[in-house]
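> With the hints as extra help, turn the sequences into a complete structure.
Sequence order for the protein chains is W and D.
Each residue of the first sequence is one higher than the one before, counting from 1 in the working numbering.
Each residue of the second sequence is one higher than the one before, counting from 115 in the working numbering.
Rather than coming from a laboratory, the hints here were simulated on the basis of the structure.
Heads up, the beta-carbon is just placed ideally off N, CA and C, and yes, glycines get one too.
Some hints here could point you the wrong way.
[Unchecked claim] Computed list of lysine to aspartate or glutamate pairs in EDC-like fashion (alpha-carbon distance at most 16 Å, straight line): (1) Lys163/D <-> Glu178/D; (2) Lys100/W <-> Asp211/D; (3) Lys163/D <-> Glu180/D; (4) Lys163/D <-> Glu102/W; (5) Lys209/D <-> Glu59/W; (6) Lys209/D <-> Glu102/W.
[As the list claims (entries may be wrong)] Here's a subset of chain W near chain D, in silico, CB distances under 10 Å, partners left out: (7) Gln6; (8) Trp7; (9) Pro8; (10) Gly43; (11) Glu59; (12) Val60; (13) Gln62; (14) Cys91; (15) Ala103; (16) Gly108.
[Said to hold, decoys possible] If you want the ones that stay clear, here's a sample from chain D, every Cβ over 12 Å from chain W, calculated: (17) Val118; (18) Gly130; (19) Asn138; (20) Glu178; (21) Ser212; (22) Leu224; (23) Arg227.
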Amino acid sequence: SQTIHQWPATLVQPVGSPLSLECTVEGTSNPNLYWYRQAAGRGLQLLFYSVGIGQISSEVPQNLSASRPQDRQFILSSKKLLLSDSGFYLCAWRLTGTGKTEAFFGQGTRLTVV
Amino acid sequence: AQSVTQLGSHVSVSEGALVLLRCNYSSSVPPYLFWYVQYPNQGLQLLLKYTSAATLVKGINGFEAEFKKSETSFHLTKPSAHMSDAAEYFCAVRKMDSSYKLIFGSGTRLLVRP
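Spelled out as structure tokens, the structure:
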């Protein structure tokens, strides 16, 4: 069976510091991968998605970047955090090659920028 | 463009009462629709999905949803609420391109009164 791991669970970072959030998927190959952000009291906003190694699509202009150095690894980064980067970050994956459409989510990282 | 609208940011019901969470969609093509549940500080869990098969879809935890094309709706229901159903619920539609990304509504927080 497939599992998704996302860490850390919580993170408090000062403004201007770098960020690296990691997500890995086990038990599948060539998944579609997604990074969502959930700001307090709001819905989910898609930040990035990837259909393969090194292939990143950005959905909204922002202070963040994403990378996919390996097939099942998806990293969300920032060189200098802003207060507005605070939120709940969720990684998700989708099984490809089966016609299945649903996405499965990690447990999320709560980022607080102070 | 595809979108979903969830009516009511908060819904409060008594334990044992009917749960009805509303979702309306906008799509120029037959949509793929989903309901997810999120417990505090956790990721999203898939409740059920509609993928153009049966219009009445049964999911986990006793939830079901009915796809009504004439009303462009996909409301989530449960006959009898349990305290454990208290959570935030998100309706989503799949973007009909190769990304398979999900477009989420703003969410409805379900409160269950004893």
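> Hint by hint, say whether it matches the structure.
Do the hints match the structure? See the list:
no.: 1; hint: Lys163/D <-> Glu178/D; result: holds (9 Å)
no.: 2; hint: Lys100/W <-> Asp211/D; result: holds (14 Å)
no.: 3; hint: Lys163/D <-> Glu180/D; result: holds (10 Å)
no.: 4; hint: Lys163/D <-> Glu102/W; result: holds (8 Å)
no.: 5; hint: Lys209/D <-> Glu59/W; result: holds (13 Å)
no.: 6; hint: Lys209/D <-> Glu102/W; result: holds (11 Å)
no.: 7; hint: Gln6; result: holds (8 Å)
no.: 8; hint: Trp7; result: violated (12 Å)
no.: 9; hint: Pro8; result: violated (13 Å)
no.: 10; hint: Gly43; result: holds (4 Å)
no.: 11; hint: Glu59; result: holds (8 Å)
no.: 12; hint: Val60; result: violated (12 Å)
no.: 13; hint: Gln62; result: violated (16 Å)
no.: 14; hint: Cys91; result: holds (8 Å)
no.: 15; hint: Ala103; result: holds (6 Å)
no.: 16; hint: Gly108; result: holds (5 Å)
no.: 17; hint: Val118; result: violated (9 Å)
no.: 18; hint: Gly130; result: holds (28 Å)
no.: 19; hint: Asn138; result: holds (15 Å)
no.: 20; hint: Glu178; result: holds (16 Å)
no.: 21; hint: Ser212; result: violated (7 Å)
no.: 22; hint: Leu224; result: holds (15 Å)
no.: 23; hint: Arg227; result: holds (21 Å)
The structure is inconsistent with the numbered hints 8, 9, 12, 13, 17 and 21, although it conforms to all the rest.
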